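**Q** Sequence:
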Amino acid sequence: MREGYGLSRGADDPKMAAVRIPPMPVAWTSEVVRELFPVRIGIGRDVDLIRRPSGVALYLRGPQSKMFPATVQGWIDLWRTMAGTTKPDKLQYCRVQVYSAKRAMTSTPFRDAEAALVAEALGRLVLPGLIFLGGHDYGEAMQPDDVVDMRASPHDLVLTSTDTAAALWSVAARRVVEVEASGPGATTAGAFVATTGHGLAGDLLDRYSAQWMTDRFGKKTVATLIRLETDASELFLRSVTETPESAQVALSAVRALARGRPPRGDSETAGPGGTESSPTGAPVASLAGAGATPDDLVSALERLARLRSAGALTETEYELAKAKLLA
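The opening position of the sequence shown corresponds to residue 1 in my numbering, with each subsequent residue numbered one higher.
Quick list of the computed label-pair ranges, beta carbon to beta carbon:
1. Asp231 to Glu140: 17 to 27 Å
2. Ser100 to Val298: 44 to 54 Å
3. Lys90 to Arg124: 30 to 40 Å
4. Ser299 to Gly42: 54 to 64 Å
5. Met67 to Gly183: 34 to 44 Å
6. Arg259 to Leu117: 22 to 32 Å
7. Ser252 to Gln73: 24 to 34 Å
8. Gln73 to Gly44: 23 to 33 Å
9. Lys324 to Val33: 41 to 51 Å
10. Gly139 to Ala300: 14 to 24 Å
11. Ser299 to Ile50: 46 to 56 Å
With a Cα cut of at most 16 Å, we get these calculated EDC-like pairs of lysine to aspartate or glutamate:
12. Lys66 to Asp46
13. Lys102 to Asp112
14. Lys322 to Glu302
Source of the hints: derived by calculation from the structure; they are not laboratory data. In this text, all values refer to a predicted model and were calculated from it rather than measured experimentally. Idealized CB from N, CA, C, for every residue including glycine.
Using the sequences and the hints given, assemble the complete structure.
**A** Here it is, written out as C-alpha cells:
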C-alpha cells in the first residue's frame with residue numbers, strides 16, 4: 001500500500017476513515033454512470049467513467065491524471081492512489097458523494113471491493129449482485145433480500161455475501177439439477193412520446209427526438225429471475241443488472257459443472273485414474289488419510305459446514321479446520 005494521507009496510520013486514527021474504500025457498483029450500467037459519475041473531489045479533480053477501445057475504464061482527472069480498469073482491483077487501486085494524493089477532508093467529501101449515489105440507486109446492488117477480492121478465492125464470479133428471494137432448504141445463513149454473488153469453483157457452486165465475502169450457501173456441482181433465467185429483461189421507464197408533428201417530416205423528426213430523449217434520459221431497469229434447483233433444495237434470486245439472455249450465457253458454466261465437464265482451465269471432476277471426487281474436489285483416495293473412510297470424511301466435512309452455518313465457527317476457523325481435515 002502506498003504511503004500518503006492517513007495510509008500508514010493505525011485503525012484508531014480518525015483520519016483512517018478518509019482512506020476506506022467505498023462500495024463499488026456490481027456492474028457498470030448506464031444507471032450507475034448517470035448517478036455516480038463523475039465524482040467530484042475538488043476544482044479540476046474528479047473521477048469519471050469513460051469508454052476506450054480496450055473497454056470501460058475509470059479515469060482520475062486532475063493534475064495527476066491516471067487511468068484504471070473498471071474492475072474490482074481497478075476500483076481499489078484508484079482509491080488508494082487518491083488517498084496518497086488527496087487531503088483527507090477532500091477524499092472524505094468524495095466518499096460521501098459515492099454513498100449518497102448508492103442510496104439513490106436502490107435497484108443497483110453495490111459490494112465491498114476488498115471483500116470481493118477475498119471472495120474470489122472461493123470461486124470465479126458467475127453472476128454478481130443477485131437479490132435472494134427465498135426457496136426451501138437453503139439453511140439459515142441467507143435471508144430474503146440479501147444481496148449475493150454466485151461463484152463457481154471446479155467442483156462447487158457458492159453464494160457469497162457482497163458485503164463480507166463469506167460463503168452463505170454452497171453445494172457440490174454434481175448435485176445441481178437445473179439453473180435457468182427468465183423474466184421481462186430490460187425495460188425503460190419515463191419514455192418520451194412524440195405527440196405533435198408538422199407533416200410527415202415533422203412527425204418523423206418528433207419521433208427521432210423522442211427516441212433520442214428516451215435513450216438519453218430514460219431510466220432502464222432489469223428484472224431477471226434466476227432459479228436454482230439441486231437434489232435437495234430450490235432457490236430463487238433476482239438480477240437487476242443482467243438480462244435473461246446474458247444470465248443464461250453466464251449460467252452455461254454452471255450447467256457444464258453439473259454435467260461433470262468443468263469449463264476450460266478448471267481441473268477435471270474425476271480424480272486420477274477416474275477416481276470419484278469428493279464435494280471438495282480432491283480425489284477421495286487422497287483424502288482417506290490414516291485409515292479414514294470416504295464416508296467418515298464426508299460426514300466430518302458436513303459437520304464442519306453445519307457448525308459454520310450455526311455460527312459456532314467463523315469462516316477462518318472453518319477453512320483452517322477443513323484444511324487440517326483434508327491434509
